[in-house]
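Enquirer: Sequence:
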Amino acid sequence: MTIGKSNRQFRKKGRKQKADPFLKKVWYDVKAPNIFRETQIGKTCVNPTGGGKTSEQQLDKRMFEVSLGDLNKDERKSYMQFKFRVEHVSGTNCFTNFYGMRLTNDKVQSLVVKYHTLIEAVVNVKTTDGYTVRIFCIGFTKKDRNQVKKTCYAQSSQVREIRRRMVNIMIKESNCTLKELTLKLISESVPKEITKQCQSVFPLQNVYLRKMKVLKTPKVDVDTILKLHGFETKKKKETGKKVNRKKKKKGGNKKKKN
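Counted from 1, the sequence shown has number 102 at position 102 by the UniProt record's numbering; the numbering is strictly sequential.
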């Protein structure tokens with residue numbers, strides 16, 4: 001036995017195990033509009049309803065970012081990131097709406113080529129259903145097939161003309177609802193139209209809508225959000241009994257003069 005060691009046995013104090021905070025969380029399914037193949041984005045958690053905010057209030061306006069490759073099950077378009085915002089909560093489902101789009105950084109960096117002119121255009125547009133959207137477009141000059149020259153630069157007057165045409169096409173194509181504009185983003189019809197219209201000024205390549213931001217949103221009813229997700233809501237007609245009011249005769253209560 002070592003000198004100075006006590007023979008008494010001491011009880012070890014047991015440390016309290018911390019409870020996992022995620023066990024108390026409530027989980028909700030996040031739904032995307034039915035214009036995509038995969039409408040189930042994922043799941044999100046929130047604190048249960050307490051003294052402060054309810055679960056629905058905590059989930060309101062929550063943002064999610066998902067790749068288009070996961071939404072449409074197409075890996076070739078995984079460079080497009082779509083943003084969604086929660087607009088309505090029903091049961092354990094969070095119904096979202098489109099709120100923006102951007103290209104990934106590695107995709108934008110891969111587009112930049114030496115000895116070519118980069119052309120960008122930005123425009124604010126308003127859709128027919130009241131959304132104010134800012135669209136960013138990007139494009140690069142293209143060499144001719146039999147070109148020997150190393151550089152492929154456009155003149156400043158050509159750049160101005162191409163930018164003007166870009167803006168006009170984006171304004172024209174955005175004269176629709178936000179749902180139709182989202183479908184045009186998926187099909188990439190706007191960059192194809194820009195490439196076609198600018199061919200006479202200077203040939204372009206790698207034309208993309210680099211980014212799209214929703215600046216202002218109108219007041220949206222629950223019915224319109226549910227329609228985006230494939231639910232049909234029928235308005236109930238107010239039914240009631242018809243009441244026939246008797247018309248009063250004019251001068252019926254007048255006293256006769258003597």
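Fair warning: there could be bad hints in the mix.
To be verified - Computed list of lysine to any residue pairs in SDA-like fashion (alpha-carbon distance at most 25 Å, straight line):
#: 1; residue 1: 73; residue 2: 34
#: 2; residue 1: 83; residue 2: 103
#: 3; residue 1: 184; residue 2: 67
#: 4; residue 1: 192; residue 2: 202
#: 5; residue 1: 114; residue 2: 145
#: 6; residue 1: 211; residue 2: 24
#: 7; residue 1: 126; residue 2: 219
#: 8; residue 1: 179; residue 2: 160
#: 9; residue 1: 211; residue 2: 195
#: 10; residue 1: 77; residue 2: 206
#: 11; residue 1: 107; residue 2: 185
#: 12; residue 1: 179; residue 2: 192
#: 13; residue 1: 73; residue 2: 210
#: 14; residue 1: 179; residue 2: 79
#: 15; residue 1: 142; residue 2: 105
#: 16; residue 1: 192; residue 2: 167
#: 17; residue 1: 107; residue 2: 208
#: 18; residue 1: 83; residue 2: 134
#: 19; residue 1: 107; residue 2: 63
#: 20; residue 1: 43; residue 2: 65
#: 21; residue 1: 211; residue 2: 128
#: 22; residue 1: 83; residue 2: 149
#: 23; residue 1: 227; residue 2: 149
#: 24; residue 1: 126; residue 2: 177
#: 25; residue 1: 43; residue 2: 23
#: 26; residue 1: 142; residue 2: 205
#: 27; residue 1: 77; residue 2: 59
#: 28; residue 1: 227; residue 2: 52
#: 29; residue 1: 213; residue 2: 227
#: 30; residue 1: 172; residue 2: 103
#: 31; residue 1: 149; residue 2: 185
#: 32; residue 1: 24; residue 2: 67
#: 33; residue 1: 61; residue 2: 202
Keep in mind that the hints were calculated from the coordinates and are not lab data.
Enquirer: When the hints from earlier in the document are held up against this structure, which numbers fail?
Expert: 6, 8, 22, 23, 27, 28, 31, 32, 33
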